[in-house]
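Please construct the entire structure, taking both the sequences and the accompanying hints into account.
First residue of the sequence shown? That's 1 in full-length UniProt numbering, and the numbers climb one at a time after it.
Calculated from the structure, these hints are not laboratory results. Misleading hints may appear alongside valid ones.
[Stated by the list, open to error] With a straight-line cut-off of 30 Å between C-alpha atoms, the simulated DSSO-like cross-links for lysine-lysine are:
1) K50 to K14
2) K50 to K68
3) K50 to K8
4) K68 to K14
[Stated by the list, open to error] Cβ pair distances, simulated, as ranges:
5) D97 to S10: 31 to 39 Å
6) A69 to T92: 15 to 23 Å
7) D86 to G31: 19 to 27 Å
Here a beta-carbon is modelled for each residue, glycine too, at the ideal position from N, C-alpha and C.
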Amino acid sequence: MLRRFGHKVSPNGKLERRIVANLIAHLEAGGFQVIGLYDGDDLTAVTTAKEAMELIFNLDEASLRIGKAGTDIDHGILLIVGNGIDIVSDYTYSEGDSDGFSAVMGAFDAEAFA
Numbered sequence: 001m002l003r004r005f006g007h008k009v010s011p012n013g014k015l016e017r018r019i020v021a022n023l024i025a026h027l028e029a030g031g032f033q034v035i036g037l038y039d040g041d042d043l044t045a046v047t048t049a050k051e052a053m054e055l056i057f058n059l060d061e062a063s064l065r066i067g068k069a070g071t072d073i074d075h076g077i078l079l080i081v082g083n084g085i086d087i088v089s090d091y092t093y094s095e096g097d098s099d100g101f102s103a104v105m106g107a108f109d110a111e112a113f114a
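Put into structure tokens, the structure is as follows:
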């Protein structure tokens, strides 16, 4: 990072990137996919972890939008950059958790990546 952009990523920044990358991998393993990122003004379509992370880490906070193939339900995960291990601040899911999103999120442990 230093050679490419002229600055280093802080240890806290590295931790947050590791948590978000593993969160996305965890969600994908649970059958979910990244569908967009809401920055407070605009919803930007994204389809890969790399695209999502490039946007997330250029913002102070973002809502990562997640969906599951075959459903029209989407979920939001509020990410607050700068909160370190607590970067995953909150998430939303539909009543009844019909697609299992809450269960998948409940099984994710950010501290495992600290």
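Here is what the structure says about each hint:
1. K50 to K14: Measuring from Cα to Cα gives roughly 15 Å; hence the hint holds.
2. K50 to K68: Judged against 30 Å, a Cα distance of about 19 Å means the pair holds.
3. K50 to K8: holds, 19 Å
4. K68 to K14: holds, 28 Å
5. D97 to S10: 31 to 39 Å: The hint (31 to 39 Å, Cβ to Cβ) holds, given that D97 and S10 are roughly 36 Å apart.
6. A69 to T92: 15 to 23 Å: At 19 Å between Cβs, range holds.
7. D86 to G31: 19 to 27 Å: holds, 26 Å
The structure is consistent with each of the numbered hints, conforming to all of them.
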